[in-house]
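Kindly generate the complete structure, drawing on both the sequences and the hints.
Just so you know, the protein sequences line up as chains A and B, in that order.
For the first sequence, the working numbering assigns the number 339 to the last residue and increments by one with no breaks.
For the second sequence, the working numbering assigns the number 1090 to the last residue and increments by one with no breaks.
Be careful, since some hints might not be right.
What follows is a list of derived Cβ distance ranges for each label pair [claimed, not checked]:
| hint | chain 1 | residue 1 | chain 2 | residue 2 | range |
| --- | --- | --- | --- | --- | --- |
| 1 | B | LEU1031 | A | ALA104 | 55 to 65 Å |
| 2 | B | ARG1055 | A | GLY304 | 29 to 39 Å |
| 3 | B | ARG1065 | A | LYS56 | 48 to 58 Å |
| 4 | A | VAL9 | B | HIS1051 | 43 to 53 Å |
| 5 | B | ALA1064 | A | GLU179 | 18 to 28 Å |
| 6 | B | ARG1053 | A | TYR154 | 27 to 37 Å |
| 7 | B | ARG1055 | A | ARG225 | 19 to 29 Å |
Derived lysine to aspartate or glutamate pairs resembling EDC-like cross-links, with alpha carbons at most 16 Å apart [stated by the list, open to error]:
| hint | chain 1 | residue 1 | chain 2 | residue 2 |
| --- | --- | --- | --- | --- |
| 8 | A | LYS247 | B | ASP1042 |
| 9 | A | LYS196 | A | GLU330 |
| 10 | A | LYS254 | B | ASP1039 |
| 11 | A | LYS122 | A | GLU149 |
| 12 | B | LYS1027 | B | ASP1057 |
| 13 | A | LYS247 | A | ASP236 |
| 14 | A | LYS84 | A | GLU59 |
| 15 | A | LYS254 | B | ASP1042 |
| 16 | B | LYS1079 | B | ASP1057 |
| 17 | B | LYS1079 | B | GLU1005 |
| 18 | A | LYS254 | B | GLU1013 |
| 19 | A | LYS83 | A | ASP99 |
Examples of chain B residues lying across from chain A (beta carbon under 10 Å, computed) [stated by the list, open to error]:
| hint | residue |
| --- | --- |
| 20 | GLU1025 |
| 21 | LEU1026 |
| 22 | ASP1037 |
| 23 | VAL1048 |
Because the hints were derived from the structure by calculation, they are not lab data.
Using N, Cα and C, we set each Cβ at its ideal position, and we do this for glycine too.
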Amino acid sequence: MPSLGADMVEGKLVEWRIKPGDTVKRGDIVAVVETPKAAVDVESWQDGMVQELLTKPGETVPVGAVMAVLLAPGEAPREVVRKKISPAARKRAAELGVDAERIAGTGPDGAVTVEDIEKVGKAAPAPAVDRAAEMRKAIAAAMSRSKREIPHYYLSHSVSLARAAAWLEAENARRALPERLLMAALFIKATALAGKEFPEMNGHYREGAFQPSAAVHVGVAISLRQGGLIAPAIHDAEKLALTDLMKALTDLVKRARAGSLRSSEMSDPTITVTNLGEGGVDAVFGVIYPPQVALVGFGAPREGRVVASVSGDHRVSDGYRGALFLAAIERLLQAPEKL
Amino acid sequence: MNRAELRAVFLEELRRIAPEIEEAELKSDRLLREQVDLDSMDWLNFLVALHERLRIDIPEADYARLATLDQALDYLGGKLGEPPNVASPP
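Right, dumping it as structure tokens:
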């Protein structure tokens, strides 16, 4: 079960898109997993042949649990080691609706005993799923972790939008409706290019160390109509032409709202952009989404200016570098034709 | 296409973007984006849908002319060759 964000501790397998004997390539959709935030298409992260599917549709398993066995190209099938489960334990498991294969046994040689089954059977919850409550819980968990672990600093900078707005108006006047751009695409591209210039704002902080990312995968905060938000990635945003970035953004928003995101989009963001100008706010000082180390916010454009802000991680950068990073975003927005 | 038909198409496309809207609660003289909570991406997607469905162009400079349901139907009706705010005879 892959981790599809800092707020995920377990996931429910909705369906398999593969079966034993299938050949899969890295990036192929192999399963659909439901998280508290969305149903996500899980991609394979390696090439191989499916030997066995261990998790059944409908089962909820923790992040890190083995769900399937893949054989590397050319690898001979391995004998699958079965758990030792006594017939009595197997019978009791069936009565209680517990999957004995997934239980850590406490008997001799790790055998699963009747007691093991009953312990899990009694503890097994069967609550009705309240989607909104689950989403709120997931957001709270990630944001609490962020505020607990990340020493945030916050900066803001009033950025002139005159050139960007004039360029956008002229550009959209010559574009057909489906090809038109939103200011949000310029914000994302400018952030991605600035992230490339300032590696300490772009990457992941894991196990006590910062790992800068060569690529800039911009997480875009998308509010969902039913409430809550999600911040999936536009991959390699620094390399995309504005037209392609706009297409990627349109597609991402559509799929986020339809509940059809891919696992890499959930796990790969290296920096997040939130654009709350639509709500009319002057500025936004967001909470960094771990394991990322920076979040860039944009408020509502007013009188040709917008307040750009950054929430930075003091374990990785200081306010001075954060200020230069914001200045780079401003500089990039003054030459929109080059974005 | 008469105004009633245009209104039906308009609301059908709007519902694809905002499935939760109740037609009866929509005030035809109030700001549409505010009532239906459409952000700029929703708004663009909605206009693209109207563009494809009605085969008309809507320049960005005209977006303000679609601010309310009434104004939007006037504007789109005009583009389609209908007189503004007049229902076709049955």
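Now the hints, each set against the structure:
1. LEU1031(B) / ALA104(A): 55 to 65 Å: holds (59 Å)
2. ARG1055(B) / GLY304(A): 29 to 39 Å: At 35 Å between Cβs, range holds.
3. ARG1065(B) / LYS56(A): 48 to 58 Å: Taking Cβ atoms as reference, ARG1065(B) and LYS56(A) lie about 56 Å apart, which means the hint holds.
4. VAL9(A) / HIS1051(B): 43 to 53 Å: 44 Å Cβ-Cβ, so the 43 to 53 Å window holds.
5. ALA1064(B) / GLU179(A): 18 to 28 Å: The hint (18 to 28 Å, Cβ to Cβ) holds, given that ALA1064(B) and GLU179(A) are roughly 21 Å apart.
6. ARG1053(B) / TYR154(A): 27 to 37 Å: Taking Cβ atoms as reference, ARG1053(B) and TYR154(A) lie about 45 Å apart, which means the hint is violated.
7. ARG1055(B) / ARG225(A): 19 to 29 Å: holds (28 Å)
8. LYS247(A) / ASP1042(B): Holds, because 14 Å separates the two Cα atoms, which is no more than 16 Å.
9. LYS196(A) / GLU330(A): holds (15 Å)
10. LYS254(A) / ASP1039(B): With a Cα-Cα distance of about 13 Å, the restraint between LYS254(A) and ASP1039(B) holds, given a limit of 16 Å.
11. LYS122(A) / GLU149(A): violated (35 Å)
12. LYS1027(B) / ASP1057(B): Given pair LYS1027(B), ASP1057(B) is violated - Cα atoms ~25 Å apart, limit 16 Å.
13. LYS247(A) / ASP236(A): It holds: about 14 Å lies between the C-alpha atoms, which stays within 16 Å.
14. LYS84(A) / GLU59(A): This hinted pair is violated, its Cα atoms lying about 21 Å apart.
15. LYS254(A) / ASP1042(B): holds (9 Å)
16. LYS1079(B) / ASP1057(B): It holds: about 8 Å lies between the C-alpha atoms, which stays within 16 Å.
17. LYS1079(B) / GLU1005(B): holds (15 Å)
18. LYS254(A) / GLU1013(B): holds (15 Å)
19. LYS83(A) / ASP99(A): Holds, at about 12 Å.
20. GLU1025: Violated - the Cβ of GLU1025(B) stays beyond 10 Å from chain A, reaching only about 16 Å at its closest.
21. LEU1026: violated (16 Å)
22. ASP1037: holds (8 Å)
23. VAL1048: holds (5 Å)
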